[in-house]
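**Q** Put the complex together from the two separate chains, hints included.
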Amino acid sequence: METATLDGKAIALGDAYRHAGKILKEAAFPLIAGLGADVAGARAAILLAEQLKGAFDHLASRETLADIDVKRSFGMFTTTANEARLRGDCVVLIGPGLTQAWPGMLERLALAEPPRRGAQAQQPRKVIWVGPDGDEAKAVPGAKVIPASVQELSGVLAAWRARFGGRPVALDAEKITLIDALVETLRNARFGVFVWSASTLDPLAIEMLQALVIELNATTRFTGVHIGGRSGASGVTQTAGWMTGFPPRTGFGRGYPEHDPWRFESSRLVDSGEADAALWISAFDGEKPAWSRADIPLITLAPAQAAPSRGLFIKVGQPGVTHDAVLMGQETGGMTLRRASAPTDAPSVAQAIGAIMAEVSEGAWR
Amino acid sequence: MALTVLRGGHIVDPATGQDAIGDVWFEDGRIVERPDGRSADKEIDVSGHIVMAGAIDIHSHIAGGNVNTARLLLPELHRAIRARLADTPLSTAKWSSYETGRLYAQMGFTTVVEPAMAPHHALQTHLEFNDVPIIDKGALTVLGNDDFLLGMLRDGEKDGAINDYVAQTVENTRSLGLKCINPGGVEAFKENMRAFGLDDVVPFYGLTSRQIFQSLQKSTQALGIAHPLHLHMNNLGLAGNIDTALATIDAAQGLPLHLAHVQFYAYGKEGKNGFSSAGALFAEKINANPNVSVDVGQVMFSDTVTISSDVLKQFNSLPGAIPKKGAIFDGDANGGGIVPYVYKISNYYNAIQWAAGLELFLLIENPEQVFFTTDHPNGGPFTTYPELFALLMSADLRAQHLARLPAEVLEHTTLPSISREYTLYEIAQMSRSGAAKLFGFVDRGRLSPGAIADIAVYKPGRDVAGMFRRAALVFKDGALVVRDGQVSHYTRGKTLHIRPRYDQQITKRLDSYYDELYGLPRSIFDVPDAALPHKDAFAEVPCRI
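Protein chains in written order, with this note's numbering: chain A, 1 to 366; chain X, 367 to 911.
This is chain X alone, in the form it adopts within the complex (with noise of 0.2 angstroms):
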């Protein structure tokens, strides 16, 4: 692939430090240093425009049975409205895996990680993300609620077993770690609990969602897996839950942790409604603990649809469905629940939630430990991304917003006095540097030689919003994928994957498991290559051990 300079820009790379005029070089889909004696094949001006590299998700629900689910059970919201472009298949069928990949394409993002992938349904995620076109995906597989792993704990087995399991079944998947959804509650789920908080028992395994989520914590450090344990706590969305929130902090011990979507847990029972922000409370909390990175799951005023495998929180959600319908899965271990809903801005409660989270990400002082995401599309679609950048980077912008709310929101959330105001920077460390190194991406999220030539170059203006939201040239591994905000063509990225080292003598025992329990060969809910359209869809990411 021809040498390429991009000239002039303002250049925003976090990982290197560089906030300044510059150019970026690249070659054979790599960052390069600049050559000496050779001449660029390909020249491109981008003075006047800012070059970051392309952005990473950390946290967007764009994948799998679940994701499917609410396609089916939504059709009426998402009716298509527009042709495709030539060479752009599907592109413009709202809520497919092609629209999603060229919808990030054009925001300038290149690497999206799919957060809740169960082991017995990988193969259809690892399907979708095959339809995802431009942007490389990643998966975390969810363990937490499996009777495989709740039996071992239940058993006192070494540790030793339990770190082989998990890196049997993180490998099995092909994901990119771990992740921990209400541990322990969706199984209470299953023999009639309604509530589930972080000592409470599950039935019939004599273990607390505690230790359950400690135990992954432990197993994901000590297989090198570079993502914590990426857990989403009990009690979501409840007003008080801010005390499960900073119990769970206290309960990880020091030892890294990633919590999920924190704006649904910052939760007080203040005021009259006796539901409050408790967001203040938490930051100052999350900048004690420098050991834990959040993603705040931010609230958007939008129609949308709540898709979580906490199957016991979106059972308890289904009489509050805007419009009123849902599904509900009792899968294998998590399964899944969907319920459609609408944030106003007019209602007390969701404005409420809005103000947390904004909150949160103005509280948070190290923009490498907090993360923007908002839960595609929990709290809102991934599209919000551009006004959500806005809103951190304008004090006066929230204050328009705020002037919207209802009045008494304002006396039960700090967001009036924040007066601070997200820098280009900052956004690039949270969007950029920071992500990769929560994942341990060593060359991606960073324009540095070496790295992937993954680069998305916007356009100031006075519209913040809109600069996001079409960035002016996108590079994915070095071939312009996006000009003027539009995809021209479709390149195929890679899904990421890691390989933690275990005995293998876990293999023949999970395949005795599988034979006795279901009478069924565990291979079944294998990823095998041959399962995929193409070849070479996956890529490694090394471990850190």
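Bound-form chain A, shown alone (with noise of 0.2 angstroms):
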């Protein structure tokens, strides 16, 4: 396979680079997309954009703004996967998918085992789970399993909250006396714990959750864990995070940035016309774009198999597999370093927007 094509013709990797500076340099606006990258890759990004006075976001950032947008607005009860594993009484998985999201979650909350600490320890978990895909809570012997579609949670995270206030619901009595009966399971949980993905989830039923977690707190103790997005999302977003103070959809016009949720989401800048080239990345798993126009400059990093036919295309490593690479752990709510599993000498994303920022400018601050 090609370390580097145009067009799907073969480049040398040198040209590759040199070319890829060249577009972005005469861009009006250059886009830095998808994002899918280590912490390292994403610093180089962000200091790209800066340098380019583009914008960059992440090809998650609609899961993780939707728990951003909450924070900001609301506020957020957050805990580890750790702490919920050792003390977490009632764990209650909202929604499909989770175990999709998150492929190492039921070893790492080991919901079948009790919890270690506090007043609970050694006693059974209690374990509810509402809207499961297919087979998913099966892996979970006791589980309390809720029949819930997707576009019912909501409405179920709205009628739990309810009669835990004590209002009245307009559903059926025996409804009631079921989610009366869960409310009040909520209610007897020494530390209880929310597990959640936005990948299901919108910003108002997670901000219904979160409220629900405010009143458990007035008398007991309850929090949440919330699943990061996909492709690094929540690296990146902490990467973004000190280097410029906001998530991804942040633009560097004005020389500083400014973040906008709509302004700067990377479909909408292309299909606008307002980004006039976009560097595409997506080291994870090669995803593509979802914008709709194939008519701007495009320089796509990503692995071998991902090789566009149209635009530039430079091969890079897979965090975490072919280099060493820091990521978010979701099983810790930490960065960690993960070291190499199959490494090669593949560039990553850091090294290859290196190269490209050499082009760009010299003696730039890395």
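Hints were generated in silico from the structure; no laboratory data involved.
Since the model is a prediction, treat every value here as computed from it, not as a measurement.
Don't take each hint at face value.
Claimed, not checked - The following label-pair restraints were derived from C-beta to C-beta distances:
#1 X:N653 to A:D260: 51 to 61 angstroms
#2 X:R560 to A:K288: 28 to 38 angstroms
#3 X:S854 to A:Q351: 23 to 33 angstroms
#4 A:G255 to X:R849: 14 to 24 angstroms
As the list claims (entries may be wrong) - Result set (DSSO-like, lysine-lysine): computed pairs, CA atoms no more than 30 angstroms apart in a straight line:
#5 X:K460 to A:K25
#6 A:K288 to A:K25
#7 X:K524 to X:K901
#8 A:K53 to X:K901
#9 X:K901 to X:K860
#10 X:K584 to X:K860
#11 X:K460 to A:K53
#12 X:K460 to X:K860
#13 A:K9 to A:K22
Said to hold, decoys possible - Some chain A residues near chain X, calculated using beta-carbon distances under 7 angstroms:
#14 T3
#15 L47
#16 I68
#17 R72
#18 N82
#19 Q238
#20 G255
#21 D324
#22 L327
#23 T336
We put the CB at the ideal spot given by N, CA and C, even for glycine.
**A** In structure tokens, the structure reads:
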């Protein structure tokens, strides 16, 4: 497989970097998108976007910003997966696909085992799963399953919160009895934990959940574990946070960062023509951009199998697979160094962008 | 690097006792004696200027997961308004790690200590440090609500084992020493306790706060860690908590102890609001206990955010958040609480806090025992230090402020009766020589030969705050980084850390503990060199033994 191609034809790597630099330098408002990268790759990409006075976005920003929107407009209670594992006596999983969003979830939360700490140590753990996918909940023996479609999730949370507050709901008596029993379980938890992924909840549903957490904390302890977005979204968001003060969907057109989730959304920028060149980064799995326009200059950094037939392609390695990479660990809630499991000499995103940066600006800060 | 001389400045260097006109020579990043038979390659006339060592901030929350949560929580607090200068990327990105380095450098600060690094989140703190340009950084590792330590204490393990654990954790997290935050209280909050005092008992461990911090205090001494245990006491912010503070000083048993942001503990219950300044009483106690050092955590009237690993306290603060939101993180030991707040000069409680902080500064006699922090950003941002220094140096300026406070405040503080004005020498004791001693730095905070050439040159004028806000010249490791209050380019500072000695047996024991409890290798929490973007990120500071 070629290390670099232009419209599907092999070119030398050095020429590819020069060409990438030219495309980005000539653009009035270049976009750095996808951003499926480790911390070093995100760091390099953000420095490049700043240097170019362009914008940056991440491919899972919708999910990331759903959680951040709740945090910054309302507030948020969270804990680590390990604290949930050791102390959570009542774990409530919300929605389908959690094991897909976080394949290691069941192992990490050890839901079948009793908690280890506090008043509830060694007592059986109560596990409730609302709206799991097909067989997803079967892996947790004794879990109470509450069937619900994705569309119904926010209504379910609203009903819980209403009943927790002693307010009436327009449901039949049988359902109300079930909800009241469930609410009683929440109330009696000593260290309860909601687990959710913004891939199936919108910001209003997440806010409903967090409002319930605040109300539960009036008398007991309750908190949450949120599952981060794909392609390194959590690590990229943290990196963007300390570098610019803001999460992705941030632009540097005025020479300083401005964050605007609508203005700097990558598909809108490309489809509207506001961005006149794009650097697409998807180093984990080669996911393709979601925009529809195919006429702006495009540079793709992705693994070999994801080479597009159009535009400039530079092969990069996979973070934590072909090279060591710092990523946010869902299992710890913190940054960690993942050692390469199958090292190759493919450049990392940070190395590729470093080479492009050298074409854009001599002596740039790195 | 060229042999450089700063000619004819007013040198204020308490470490060497200088307070007179003189020259400062430096070469290859270090201060040197005036060389015989060689002339300077570069001569800079600093006559009419003040020359000090680069300042050291001993307690400022500048990096780590909790700080980043605050950034993401409060986009409205930090909208940028101007483009950066050439060669200083992201330097005007407000509240970014890059801006932090630039703003500190412009004020003549060259070393800053982040006081709250959670062991399980150390790598992020170090990654953020990497992106704070110019200045040197260091952190304190937080222990005291962690199951491993509490379990050891409960089981009555020998001091040696506890010392090994402490030393191993400090080394592994690559820090300058130990911080303890509401010892036991954060663990108790997870068990739904809503208040936690010095002698309250942590559920399931049978330990009091007193026992926990005394143990860590002893370990710090036994390991030869220069910085005394850095303690965030119980009952922060509560009316009447002066009792906690006084009892804590008694509990220190004469051993070295650093009390953090003590202004937040200088409260009595006098007056119709049941809230008064106990600053004078507190200062008297500190004067009588030379084993205790403090930083103030001065409140400066501003829009800010409180960031603390005292999760219990931060949870209790949520109802008073301005704007009304916050983040509460129950971490693997301490975690964090982020609660925005606005200190208003018209607010009785805030005005008492402001006055209590100044009383502490002005009534503690030894400037090397009290440090100038605002507990950034908890009492106000670090960018208010210049105004704070001006307040300490002028009774008139304080009187102007006092006239604007709610009248009833004046009945519950001794501040109006205090005429003391700090001299530049005393400011330098607090911000340079004393701060260096507090961390055992032998080659910074001073201008003697052999010291790192971190130098701040200020142009005195009637505007004292302006003088401190915009240093005329700043040299970092001998390189000119600031001219006329502007950073011209970035250099890369170091992260300072210590490596106390310990018995390697503890490492095996910790590996099994993590394996058994979490089913995770402990190395997942490490800070390996390979995780950081640049080689040579660290510089080791020796321990006392």
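**Q** Against this structure, judge whether each hint is valid.
**A** Hints and how they fare:
1. X:N653 to A:D260: 51 to 61 angstroms: holds (54 angstroms)
2. X:R560 to A:K288: 28 to 38 angstroms: With Cβ atoms ~51 angstroms apart, the hint is violated.
3. X:S854 to A:Q351: 23 to 33 angstroms: Distance hint for S854 (chain X), Q351 (chain A) holds at roughly 29 angstroms.
4. A:G255 to X:R849: 14 to 24 angstroms: At 21 angstroms between Cβs, range holds.
5. X:K460 to A:K25: The hint holds at about 26 angstroms.
6. A:K288 to A:K25: holds (23 angstroms)
7. X:K524 to X:K901: Violated, because 38 angstroms separates the two Cα atoms, which is more than 30 angstroms.
8. A:K53 to X:K901: The given pair, whose Cα atoms are some 28 angstroms apart, holds under the 30 angstroms limit.
9. X:K901 to X:K860: holds (10 angstroms)
10. X:K584 to X:K860: holds (29 angstroms)
11. X:K460 to A:K53: holds (16 angstroms)
12. X:K460 to X:K860: holds (22 angstroms)
13. A:K9 to A:K22: Answer holds: K9 (chain A) to K22 (chain A) is near 18 angstroms, not above 30 angstroms.
14. T3: With a minimum Cβ separation of about 24 angstroms from chain X (threshold 7 angstroms), the hint on T3 (chain A) is violated.
15. L47: Hint holds; L47 (chain A) Cβ to chain X Cβ min 6 angstroms, cut 7 angstroms.
16. I68: holds (6 angstroms)
17. R72: Result: holds, 5 angstroms to nearest chain X Cβ.
18. N82: At 5 angstroms from the nearest chain X Cβ, N82 (chain A) passes the 7 angstroms test, so the hint holds.
19. Q238: holds (6 angstroms)
20. G255: Since the shortest Cβ distance to chain X is 3 angstroms, the answer is holds.
21. D324: Result: holds, 5 angstroms to nearest chain X Cβ.
22. L327: violated (10 angstroms)
23. T336: Holds, about 5 angstroms.
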